[in-house]
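Student: Using the hints, position chain G against chain Z.
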Amino acid sequence: MRYALIVIPLLLLPVLLNDFWLTQVMTRALILGIVALSLSFLAKYLGVVSFAQAAMAGAGGYTIAYFGPNSVNIGIELPFWISIPLALFLATAFGGLIGCVARRSRGIYAIMITLAIGIAFFYFTRQNYALFNGWTGFSGVRAPLIGGISLRAPVPLYFMSLLSAVVSMMLVSGFARSPMGLAIQAVRDAPGRVMALGISVSTPIIAAFAFSGLLAGTGGILNVWYQERISSFSVGFGPIIDILIIAVIGGLRYPSGAFIGAIVFVMLDTFAVDLVDRERFNTLIGTVLLLIVIFAPNGLQQLVMDGAAKLRRAKQPTN
Amino acid sequence: MPVIDTHNSVNALEVRGIGKRFGAFWAVQDINLTVRPGERRAILGPNGAGKTSLFNVLTGDTNASAGSIKMFGADMTRMPINKRIRHGLRRTYQHANLFNGLTVRDTLFLAVAGIRGGWGQLLPLKASDHRLAEAERLAEVAGIQTFFSHEVSSLSHGQRRQLEIAIALAENPKVLLLDEPAAGLSPAERPKLSELLMSLPKDVTVVLIEHDMEIALQTSESVSVLFNGKLLAEGAPTEIMENEDVHRVYIGGAHVH
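Chains as they are written, first to last, in our numbering: chain Z, 1 to 319; chain G, 1 to 257.
I should point out that these hints are in silico values taken from the structure, not numbers from a laboratory.
There could be a bad hint or two in this list.
[Said to hold, decoys possible] Quick partial rundown of chain Z residues pointing at chain G, CB under 7 Å, derived from the structure:
| id | residue |
| --- | --- |
| 1 | 120 |
| 2 | 177 |
| 3 | 178 |
| 4 | 179 |
| 5 | 180 |
| 6 | 183 |
| 7 | 189 |
| 8 | 191 |
A virtual CB, placed ideally from N, CA and C, is assigned to each residue, including glycine.
Looking at chain Z on its own, in the form it has when it is part of the complex (with noise of 0.2 Å):
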């Protein structure tokens, strides 16, 4: 019921909005939100801040331009059905090596080595040609046709994202709710007592780190389809901080607090041109995230929630 309240609204947009609205402000919201969630589920459940959430996104990203039409005749062309379950493996594939590898670090350490092995990717994509033709990466990727109708096209590419935003939330819902899911939760509260019932460590925080791997992945490959090119650009720096503001200012601890977090993003990002000059973007979100970290450092959906309450408690009669 509540998740119709959502959803309806979201589906009846493409007639309400023109393509403008539709597809650089809620379309990009939508992917950046995915690509935001798999960050706030580490955040939520394993109770790890990873900064290589554009890394993964970036290997399911990489994969649809090499594995599919582009216009630097690189790569294999393969059919879509194919290249993208390939993309969202590697992707999950790519997420489990991460958390192999950053299984025994917490808090800022944690962070120290996703960081690191995001930057890694970074120069790493900018200085290999064969697979990620280096610094200028793909470029005029095309969309799948699917018949007849390009993927690209504004309404399709919304309702796609849309359909992946759905499906991804209800499969943090539902995998938080499995033994493995359980037993992510477990190794955030207390590792040690996960290991005194006999159960591994390791695998709950590699399955938490494939998992997210695979919703940044999902946003990755919608993320290519939209912008029709992908460069190590998409995994730098810039991306990686844009994830993190995303996720804080809808509030780490909300999954769905991503999406929040990416339309209030995209708004400043799309209208800092009128409001300040474009070159003040920068301090402008700096400014936005300041004042959420200081006056609701659990995020806008936190600040919604507590408004909520607020309005029901004033409405029930005081005896």
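Tutor: Chain G in isolation, oriented as in the chain Z frame:
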């Protein structure tokens, strides 16, 4: 690989010359303990006597510096903690270290089922899962079934103790080591705990560290007293209560009623 024989002639625990050293300091030294299957044994001793150090060595949380440990005839002196658990050894911890973000239900599910069973572990848990029924049975045994769906962070200190015991009872343990289960409990909660301890299945061997004399003597058939890392006295509760040495070191000369 030694075969585990649960026959009555084999002792549940046979500890010979166990010692644990930290640098030059022996936390426990030359401890011999023999616990029969199904026995209820209390371990008493003033603070710093080495009770918890002894438990840590028995469960494998730390390794022994000297001596040997046999459980039902099987040597487990050098066995890693997860293997000892598989052999049926369980313990509770003095400082409850639980999964605050999980519910009682989910905590006990993990204690019962772990994450064994392949890809099915990635799918949402069904309410009809038989392993959840087992988790609920444990909550009932420990008397926290009313809080089954509550988050662990919302439990009182006493309820956390009960949850600790429920976790330790998962998968039918053979030997249960309870580290001060009554510590920090209110006077109202104490009788409930001794009731729970006395209602434990008779075939489970229980070794109990306890400061509360009343609970210790009420629930145990035999008592070992530790002092300065060494075994000071051993015997039935009545003998221990009359032992002069025990009075001197443990009760400080005060008379026990």
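Student: Would you pick out the hints that fail for this structure and give their numbers low to high?
Tutor: 1 and 8
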